[in-house]
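Top to bottom, those sequences are chains A and B. Under numbering that gives the first Met the number 0, think of the first position of the first sequence as 0, with each following residue one higher. Under numbering that gives the first Met the number 0, think of the first position of the second sequence as 0, with each following residue one higher.
FYI, nobody ran anything at the bench for these hints, they're computed from the structure. C-beta atoms are modelled at their ideal positions from N, C-alpha and C, and glycine is treated no differently. One or more hints might be untrue.
[As the list claims (entries may be wrong)] Derived list of chain B stretches under chain A, where covered just means 3 residues or more per stretch with a C-beta under 8 Å from a C-beta of chain A: (1) 142–148; (2) 329–343; (3) 382–394; (4) 427–434.
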Amino acid sequence: MKKILLIIVIGLLFSCKKTHQPDVLPTDLNVKVAFDLANSGYTFPVLNITVRIKSLTSGRYLSLTTNDKGLGTFNDLPAGRYDVDVTYAISAADYTSITGIITTKPVVFNAAEKNKLVNKDNNTLLTLNLKTGAIGNWLVKQVYYAGSDRTLGALYRDQFIEIYNNTNETMYADSLYISEIWGRQSTTNTTYNLQANGQYDWTKSLNMTFANGDPNTDFIYAKTLCMIPGNGTTYPVKPGQSIVLAQTALNHKSPFTGTDGVTISVRNPELTVDLSKADFEAYYGSFVPRPLDSDIDNPLVPNVDVLSYTGTDMILDNTGRTGIAIFKVDKTQDVKNWPMYNEPSKTTPSSTARKYYQIPSKYIIDAMEIQPNVASSRLPKKLGADLDAGFAFVPKGAYTSQSVIRKTEKIENGRVILKDTNNSTEDFDFLDVALPKAFK
Amino acid sequence: MPASLLFAQTNDETSKAQSLISKSYSVDSALIQLYQFSKENPLFMEKMMQNKFNNLTIKYDLNKGHYIPVQGASKLQALTLFSEGKTTLERFHLYGAFNYQRSTEDSTRWAHQSRFSNSSPYYFGSIKNNHYERSVYKINAAVSRTMIGNNLPLSLGLDYRIGNHFSNNDPRGDVKDFQFNINPAIGYHISKPLLIGVGYQYGYGREQIGVGYKNSSYIENTVGEIFTNYLMSGYGGAQIVQVKNLLRYDNDQDRQYAKVFVNYAATQNDNLILALKKGKETQLFKRNLTDNVGFEEFLNYEIKHSSADLIWHKNTDKNEINFSLNYSYDAGAGYDYGLAGVNYINDQEYYGLKLFYTLKGKNGLINNLNFGIQHSEDIKRDGNYAVDISYSRINFNAGWGINKQLDKEHSFGAALSASYSLKTSSNFYASIETENIFYNYVMYPDYQFNTSNNYGIGLTADYFFPTYKGIQTSIKVSGNYIQRVGNYIDLQRTTFNTPGKDRFSSNISLNLYF
C-alpha cells in the first residue's frame, strides 16, 4: 500500500506542471516621416530623421532614425499611449540649395502625434507629416499660469505672460495681440462634435464658413484676446528684452487692499512675484460689472485693450489646459470684427452661448500649448504641428509658484537668443518660482 | 470531606491531567504535525486529534531587517491572541479556534494589499514607504462524526476571516477584506485498515482597495515622485493613477477544490495518509459603477491549484515519527480586459520532504529532531512587457529540541534550528528598452532577493509551570536570524530598494494549556 501511494505522489509530481505563456505580446509601431510641402515642386530627403516616442505610462523615451523611405519601426512596445515627435532641422545651405529660397538660419520642421494609442488592434502605419512654421521674432517667453499657494501665496492673481524680442533689432509691441487659446477642456464631456484626434470639430460650429480655409487646421480659437495699445512706436522693445502682461500689476509679495476694501496679506512672499513693474496689465474693472476684488488698476502700468474675455479677470487656466498665441495683422484687418463661433455642440447652441474669435493661423507669430502635468489629465492638442508640435507644463501643477519658461539657446554679444523649434516640449523648461524677465 | 470540596478536587485533578495532555502537543513536534493536518482536514479529527486539547496563547512578534522581498516590511510588530479547543459532544467531535492579530508595518512598499494573496497581479503602490496597521480576525470551526458505527466519517469545516488594513501616511491605503470557506468531506472504510475519502472546498472573499491623499498638493505634483501613486497590472508596468478621485476597486475571489483522501492504518498508531487537492481560485478585479448598474472589469486572475501530501505517522511508547512528502503547484494566469488577453503568468511549484522524530526518554527527557528539504520554483511572465523571470531554490533545514520534565510538574524546553537556502537556477529577461519605475524599484530588487543564498539559525526556549488549578502554563521565547550569503546578482541596471543583509525575528508568548 505504501508503495502504491508513493507512486501516486511521484506521478502527480510530473503530471501537473505545464509551461504557460501569456497570449498578449508587445506591439510594433511603424512610422513614416514625410514632408508636408503641398505643391512646392521640391522635396527633402527623409533618411536619418530621428523619431522620438515617449511612453505616457513610464515617461521613458525611445528613438529611431528613418531609412531612405522615411520608414522606421519601434519594436516590442508595451501597449499604451505614447507621444510621438519629430523635430528636424535642415541647414540653411541645404535648404537654399534645394528650394532656391535664400535663408541664413536652419529651417526647422516638426510633426507630432500626441497621446497615440498603441496596441495590437491599432498598429497601422503612423504617418508623420513634417511642417515648418514661422520661427520667431516675437516669442512667448514665460507663462505663469499655475498661481501660488492658496493660503500662503497669492492664489491666481499673480499670473502673468512674458513676450520676448528674439531678434537683433528693436521691435514695437504696439498692436501685438495676445490670446489665450481655446479648445476641448474635458475628455469626459460627450456633448460636442469631435475630430478623430479628439479635439473639437469646429467645422460643425453653427454658421461656420469655409471660404478662408479649413476651420480645424487653418485657424485657432481664442478664449481671451488682448491687444497692446500704442500708435505703432509707443512701446519699443530692444533686442533681448521682453514685455510682461500681468493679470494685476501689483507687488504680490506685499499686502494690498482690494476693491472691496479688505486688506489681503501674503503669508509667504517667497511664493509669489512682484508685478508692480509689469509693462502691461489686464484690467477688467472698467467693463466688467463685478470685477475680481483683486483686480486693481495700477495707474503706472498701461492697460491692454481687451477684445474678448471670460470671467472677472485675466485668469489663466491654472491646471494647464491652455496655451498662448501672439500675432500681428496689417491695416487691412479689423480684428475686432473677425468672426466668432460657438463651440461645436451636438445640439444647437442658444443665442446667448459664448462665442470665440477665430484667428487665422497665418497671422500667428508664435504659439505655445500648455497641458496638465498629470499625463492622464491631458487633452487633445489645440495647436497643430505647424504652430506647436509639443506642449509645456509645470511639473508640480496648480498653485505651486512654477512657470514655464523658454530655454536659452545661445548668447551672442550679450544678447540671449531663446530656443524656438515650434515644439514646446523641446523649447520650454520651468522655473520653480516664476520670475519676470528671468532666463533659463 | 464536603462533597463540594471533593468535587472541586476531582475537577482540579481532571483539569491538571488534561492540561498535561494538552501541553504534550507543544513539546512533541511529530505529534503536532498530525494535529495541524487534522485541523485542515477535519475528516481525520476523530482519529488523529487529541480530545479535549485546549490552549490560549498571547504572543508578541518583532521582525526587523532589510533582507526581505521588496513588498515586505522592514519592521513588523504583531500582537496575537489565539485560542483553540477540541472536544466531543456525544458522537460529535468539535473543534473551534479564534485568532486576532493586530500588526504594524513600519515600511510597506509598493503594495496596498491585504497580504492574503501575494501573487495577485493588480495593486496600487508608491515609492514612499507606508506605515500600515492591520487587524485580522479569524474564526475556524469544524465538526465530524462517524455515521454508521465507526464507519462513514463525515466532517464539515468552516473558516471565516475579516481584515482591516490602513496606512496613515500619503499615499494612504484603505484595504478591507473577508474570506469564507466551507469544507465538507466524507469517508468510507473499505476495509478495517483502509479509509477512502472525498472532500470539497468552496470559498469566497473580497478585498476592497482604495488609496487617497490627505495632502492635496501630492495629487497635483508629478515632481515629488515618491508620493506618486502607481497602479501595477501584471509584472512590468506601473501606471500613474493620480487624480482627485482615485480609482477604488474590489477583488472578488471565488475558489473551489476537490479533495481525495486515502488512509491506510496498519495499526491505530501507524498511519499512512495521502491527501490530494485540485481546483482553482478566481480573482476578479473590478470597480462597481456609481450608478449601481454594473461594474467595470479590469483583470481576471485564475490560479489552478494541485497538491499532494503523503504522510506517514507512527507512534510508539519510545518514539514517534512523522514523515511527509509534499507537492504543490499553482498556475496563475491573469486575463487583462484592457489588453484583451492573458498577460500575466505566475507559476509556483513546490516539492519537498519533512521528517519529524520524537524520542521519548524514560527520565522525562523528550528529544525532537527534524529535517527537511524543499525545492521551490517561481515563474513570472508579463506578455505586454515581454518579461520572463524565473528562479528556483532548494532549502535545507534541520532542528533539534529537548524538553525536560522537572519536579512539581515544571518542565523546560529548548530547541535549535538551522537552515540553508540555495538558488539552483534562474532566468531573467526584461528589455532595457521598456524599463520603467517598476523595474527599478520592484522587479530588479525582487530578483536579487529571490536569487540570493542565505542561512538561518533559530533558538527557542520555553518554561512550563502549573498555575491556577494545575493549568500548565508556559512562557516561550524564540529568536531567528537569517543572513544573506554572497553578493546579490548585479543586473547592470539601475536598481533601487536593493535588499539588505539580514533579518531578525523574535517572539515571546504566554501559553495556557487546559
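For each hint, the structure was consulted:
1. 142–148: violated (count 0)
2. 329–343: holds (count 10)
3. 382–394: holds (count 4)
4. 427–434: This one holds; 4 residues, not fewer than the three required, reach chain A with a Cβ under 8 Å.
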